[in-house]
Amino acid sequence: DVKVTQSSRYLVKRTGEKVFLECVQDMDHENMFWYRQDPGLGLRLIYFSYDVKMKEKGDIPEGYSVSREKKERFSLILESASTNQTSMYLCASSPKPYEQYFGPGTRLTVT
Amino acid sequence: GENVEQHPSTLSVQEGDSAVIKCTYSDSASNYFPWYKQELGKRPQLIIDIRSNVGEKKDQRIAVTLNKTAKHFSLHITETQPEDSAVYFCAARDDYKLSFGAGTTVTVRA
Chain L
3 DVKVTQSSRY LVKRTGEKVF LECVQDMDHE NMFWYRQDPG LGLRLIYFSY
53 DVKMKEKGDI PEGYSVSREK KERFSLILES ASTNQTSMYL CASSPKPYEQ
103 YFGPGTRLTV T
Chain D
223 GENVEQHPST LSVQEGDSAV IKCTYSDSAS NYFPWYKQEL GKRPQLIIDI
273 RSNVGEKKDQ RIAVTLNKTA KHFSLHITET QPEDSAVYFC AARDDYKLSF
323 GAGTTVTVRA
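Chains as they are written, first to last, in the numbering used here: chain L, 3 to 113; chain D, 223 to 332.
Some hints could be false.
Computed Cβ-Cβ distance ranges for the label pairs, DEER-style [to be verified]:
1. Y254/D with P63/L: 19 to 27 Å
2. S234/D with K72/L: 24 to 32 Å
3. T232/D with N86/L: 21 to 29 Å
4. R16/L with E278/D: 49 to 57 Å
5. N253/D with E58/L: 37 to 45 Å
6. Y100/L with H229/D: 20 to 28 Å
7. P304/D with K20/L: 40 to 48 Å
8. D281/D with M29/L: 17 to 25 Å
9. K20/L with Q267/D: 29 to 37 Å
10. R331/D with F22/L: 37 to 45 Å
11. Y100/L with G263/D: 35 to 43 Å
Keep in mind that the hints were calculated from the coordinates and are not lab data. Note that CB positions come from ideal geometry on N, CA and C, so glycine has one too.
Please build the complete structure, drawing on both the sequences and the hints.
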C-alpha cells in the first residue's frame, strides 16, 4: 500500500516567517508534486520533481521553492510567508507520469 | 500548458439517480485522464482513469467516456448512494504533470 505522509496536518505561522512543509513517500516513486488547494480553484501545481535534485516550476511557483535531496523526500519552502499563502497544501507522488498518490494535506494559516 | 474546465461546480441528485460531470481540455497531446474523489477532510483518491486510446471505461457504478475529437471527457455515476457525496476532480496529463479541473461538489439527497 502506497504511503505518502506530510509533516503536519495543521500549521499556523506569522507573516514573514520561513515555513518548511515536508513530504515523504515510501514506494520509491520517481515523481513528486506539491499542490495548493483553494475553494473553487481546484488543485494548482506549485512545483514538481521527476528525480533527485531535479525540480520544475508548476503553474504557481511564485513565493515558493522546493528541495529534493533524497528520492523519498520532497520539501516545500515558503521563504517569507504571506497571508495569501494561507491554504491547504497537498503533496503527491507517482511511479510514472500516470496515477498520483496524495498525502493527507497540511492546512497552513498565515496570520 | 494544459487548461482543464469542469462543469458543473455543484451537483445535487436524489439517491438512486445518475450524476454526470463534464470536463474539457485544451492540449490535443494529452493522453491520460484520471478522476479523483475527495471526501470531506480526506485526501483525493483515484477512482477511475482512461487513456487516449480508449473511448469508454466502466468500473461497477462509475464510467468515464472520452471524445478526443471534441477534447472532452465525462464521469458518469449511476444509482447514486449517500457515500458518493464528495468533491470530484477531473485531470488531464501534460508531460509529467496533471492539470486539474476546479472540482464538482456532489451531494446525494436521501
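Taking the hints in turn, this is what the structure says about them:
| no. | hint | in the structure |
| --- | --- | --- |
| 1 | Y254/D with P63/L: 19 to 27 Å | 23 Å, holds |
| 2 | S234/D with K72/L: 24 to 32 Å | 46 Å, violated |
| 3 | T232/D with N86/L: 21 to 29 Å | 25 Å, holds |
| 4 | R16/L with E278/D: 49 to 57 Å | 51 Å, holds |
| 5 | N253/D with E58/L: 37 to 45 Å | 19 Å, violated |
| 6 | Y100/L with H229/D: 20 to 28 Å | 25 Å, holds |
| 7 | P304/D with K20/L: 40 to 48 Å | 44 Å, holds |
| 8 | D281/D with M29/L: 17 to 25 Å | 23 Å, holds |
| 9 | K20/L with Q267/D: 29 to 37 Å | 32 Å, holds |
| 10 | R331/D with F22/L: 37 to 45 Å | 43 Å, holds |
| 11 | Y100/L with G263/D: 35 to 43 Å | 26 Å, violated |
Hint compliance for this structure: hints 2, 5 and 11 are not met, and every other hint is.
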